[in-house]
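Heads up: the protein sequence lines correspond to chains W and Y, in order.
When the count follows the numbering used here, it moves up by one through the first sequence with no breaks and lands on 333 for the last residue.
When the count follows the numbering used here, it moves up by one through the second sequence with no breaks and lands on 448 for the last residue.
Hint data in this document are derived by calculation from the structure and do not stem from the laboratory.
Note that the structure is a prediction, hence the values are computed from the model and not measured.
There's no promise every hint is true.
Unchecked claim - Okay, the calculated bits of chain Y under chain W, using three or more residues with CB under 8 angstroms as the criterion:
| no. | stretch |
| --- | --- |
| 1 | 345-351 |
| 2 | 367-374 |
| 3 | 387-396 |
| 4 | 399-405 |
| 5 | 409-419 |
| 6 | 426-432 |
What the hints assert, rightly or not - The calculated label-pair distances, taken between Cβ atoms and stated as ranges, are:
| no. | chain 1 | residue 1 | chain 2 | residue 2 | range |
| --- | --- | --- | --- | --- | --- |
| 7 | Y | 348 | W | 39 | 22 to 30 angstroms |
| 8 | W | 20 | Y | 371 | 24 to 32 angstroms |
| 9 | W | 80 | Y | 396 | 19 to 27 angstroms |
| 10 | Y | 357 | W | 77 | 42 to 50 angstroms |
| 11 | Y | 371 | W | 102 | 28 to 36 angstroms |
| 12 | W | 54 | Y | 417 | 36 to 44 angstroms |
Claimed, not checked - Some chain W residues near chain Y, calculated using beta-carbon distances under 7 angstroms:
| no. | residue |
| --- | --- |
| 13 | 79 |
| 14 | 80 |
| 15 | 119 |
| 16 | 123 |
| 17 | 124 |
| 18 | 125 |
| 19 | 302 |
| 20 | 314 |
| 21 | 323 |
For glycine and all other residues, C-beta sits at the position ideal for the given N, C-alpha and C.
Below, each chain spelled out in residue letters.
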Amino acid sequence: MSKKNSSDGAGHAEHPKWMQHHFDTPSQQFASSKMGMWLFLATEVLLFAGLFCAYTVYRANHMEMFIFGHQFLDVKWGAINTCVLLFSSLTAAWSVRAAQLGQKGLMILLLFLTMACGGGFMAIKYVEYSHKIHDGLLWGTKYKPTGHAAELIHGEAAHGAGDAGGAHGTVDAGHAEADAAAAIETAHGEEAADDAHAADGADAMETSAHAPELPANVLALDAAERSSTQPAAIGPRGMVPVSDTEHAEAGGHHWEGPIPDNVHIFFGIYFGMTGLHGIHVLIGMIILGWLIYRALKNDFSPEYFTPVDLGVLYWHLVDLIWIFLFPLLYLIG
Amino acid sequence: MSHGHDSEQVGHVVPLWLLFGVFFALIVLTALTVWTATHLQLGAFNIWLALIIASVKATLVALFFMHLIWDKPYNGIVLAGAFMFVILFLGISLMDTAENMPDMYEGPAPAVATE
Numbered sequence: 001m002s003k004k005n006s007s008d009g010a011g012h013a014e015h016p017k018w019m020q021h022h023f024d025t026p027s028q029q030f031a032s033s034k035m036g037m038w039l040f041l042a043t044e045v046l047l048f049a050g051l052f053c054a055y056t057v058y059r060a061n062h063m064e065m066f067i068f069g070h071q072f073l074d075v076k077w078g079a080i081n082t083c084v085l086l087f088s089s090l091t092a093a094w095s096v097r098a099a100q101l102g103q104k105g106l107m108i109l110l111l112f113l114t115m116a117c118g119g120g121f122m123a124i125k126y127v128e129y130s131h132k133i134h135d136g137l138l139w140g141t142k143y144k145p146t147g148h149a150a151e152l153i154h155g156e157a158a159h160g161a162g163d164a165g166g167a168h169g170t171v172d173a174g175h176a177e178a179d180a181a182a183a184i185e186t187a188h189g190e191e192a193a194d195d196a197h198a199a200d201g202a203d204a205m206e207t208s209a210h211a212p213e214l215p216a217n218v219l220a221l222d223a224a225e226r227s228s229t230q231p232a233a234i235g236p237r238g239m240v241p242v243s244d245t246e247h248a249e250a251g252g253h254h255w256e257g258p259i260p261d262n263v264h265i266f267f268g269i270y271f272g273m274t275g276l277h278g279i280h281v282l283i284g285m286i287i288l289g290w291l292i293y294r295a296l297k298n299d300f301s302p303e304y305f306t307p308v309d310l311g312v313l314y315w316h317l318v319d320l321i322w323i324f325l326f327p328l329l330y331l332i333g
Numbered sequence: 334m335s336h337g338h339d340s341e342q343v344g345h346v347v348p349l350w351l352l353f354g355v356f357f358a359l360i361v362l363t364a365l366t367v368w369t370a371t372h373l374q375l376g377a378f379n380i381w382l383a384l385i386i387a388s389v390k391a392t393l394v395a396l397f398f399m400h401l402i403w404d405k406p407y408n409g410i411v412l413a414g415a416f417m418f419v420i421l422f423l424g425i426s427l428m429d430t431a432e433n434m435p436d437m438y439e440g441p442a443p444a445v446a447t448e
């Protein structure tokens, strides 16, 4: 292999077609490519770190919403997904080995297996997501539990979240102080109905959702008492003594204690993290597909398999991130 | 098949038994994580145990599957550096939020005016 002099303007010293002009040797090019890939992977780690930070801060401040929300996640599917991705990492690393040894057929088969595992992962994700969508367990304002999930939360047969009064007061439905809360709600509702600009029930629900009205038991406290009570004990639903809370049994779940108000944030975090990870899995599958295409065109050899190596590195990072996502989201004690 | 021979361009070839060994270790660690999460009640330490096991798994994937143990040290430093910055990021955020936690109210702020 002749050495290419970069200052040599005329002529073209012979080098393989895949070697760039600014490199001296193929191994230098390979080492540089790998370094560049690792720098990119570092940025990807930091990308997910942003979401992990959101998880960390919310979990530190509102442990109860994680404990309550995570019971809607199926550990079995999460564990299967973990094993699927670990196996895909094995086949991916093996495919790089096959590329190094010139085993073209094996390399293509292994790359295809890796892609298939990625597809299996997305299929299981689809199953999980469709359950959540069906149960109305979505992020933020879309969080309107229905059916099975609502039975757990409401402690009684759910009518869905369609009616204005019911949707806002659903958490209260089983509580003893529901009457007082409902009285305040209907009072607000009537006020809103009297207002010409907020005629329908949906509007009343929204205005009451933004203006926190305090239930009677909180209003009954005088200012000094309210300020000395631990803030965590007072939510927008007022103080909920544990003894007054209804137990809910649905689908094997048994929940005791006050139902947190902020579960929609948990699902926001869940969908944000798993969704971004799922997008990365899809991108990885596209990259692997492109590698298979190039491999079929005989672009790779023991002398040049850099794209396989780099593409597989990306796939390993996707697996790495899931290794951390799984215990943090699914295995909350 | 061939073992870890080196050549100018091919570089280090991972032995097959090592790949399978690491894979089985990862599966065992996954089972361990699930078991400790469902059967051990360690309170606040549960999350730390899960993170420690996850870190061991991540180290195995990074060192062997991602080839770092045979690579130039610079690549490993890049990844380790990224993780150190993540820990710095999460750690300082946690410190900050813990500082403000006693003043935090749950849910929307209570209305000031009495009814």
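Answer holds if the nearest beta-carbon of chain Y is closer than 7 angstroms to that of residue 302/W; otherwise answer violated.
Because about 5 angstroms separates residue 302/W from the closest Cβ in chain Y, which is inside the 7 angstroms limit, the hint holds.
Taking 8 angstroms as the C-beta cutoff, is the stated coverage of the stretch 399-405 of chain Y by chain W satisfied by three or more residues?
That given contact holds, which follows from 4 residues of the stretch 399-405 of chain Y lying within Cβ reach (below 8 angstroms) of chain W.
How about residue 124/W: closest beta carbon in chain Y under 7 angstroms, or not?
Interface hint status for residue 124/W: violated (15 angstroms vs cutoff 7 angstroms).
Has the stretch 345-351 of chain Y got at least three residues whose CB is nearer than 8 angstroms to a CB belonging to chain W?
Contact hint for the stretch 345-351 of chain Y vs chain W: holds, 3 residues under 8 angstroms.
Hint says 42 to 50 angstroms; check whether the CB-CB distance for residue 357/Y and residue 77/W agrees.
Between residue 357/Y and residue 77/W, where Cβ atoms are some 22 angstroms apart, the hint is violated.
Return the status of the interface hint for residue 323/W: holds when the least beta-carbon distance to chain Y is below 7 angstroms, violated otherwise.
Holds - the Cβ of residue 323/W comes within 7 angstroms of chain Y, reaching about 5 angstroms at its closest.
Could you say whether the range 24 to 32 angstroms given as a hint is met by the Cβ separation of residue 20/W and residue 371/Y?
violated, 52 angstroms
Does the interface hint hold: is residue 123/W within less than 7 angstroms of chain Y, judged Cβ to Cβ?
For residue 123/W, the interface hint is violated, since the closest Cβ of chain Y sits about 19 angstroms away, which is over 7 angstroms.
Regarding the hint that residue 125/W lies at the interface with chain Y, is the smallest CB-CB distance below 7 angstroms?
violated, 17 angstroms
Status of the given 22 to 30 angstroms range, CB of residue 39/W versus CB of residue 348/Y:
28 angstroms Cβ-Cβ, so the 22 to 30 angstroms window holds.
Distance restraint evaluation - residue 54/W, residue 417/Y, Cβ atoms, bounds 36 to 44 angstroms:
Violated - the Cβ-Cβ distance for residue 54/W and residue 417/Y, about 20 angstroms, lies outside 36 to 44 angstroms.
Using a Cβ cutoff of 8 angstroms, are there at least 3 residues of the stretch 426-432 of chain Y near chain W, or does the coverage claim fail?
holds (count 4)
The earlier numbered hints that this structure contradicts are 8, 10, 11, 12, 14, 15, 16, 17, 18, 20.
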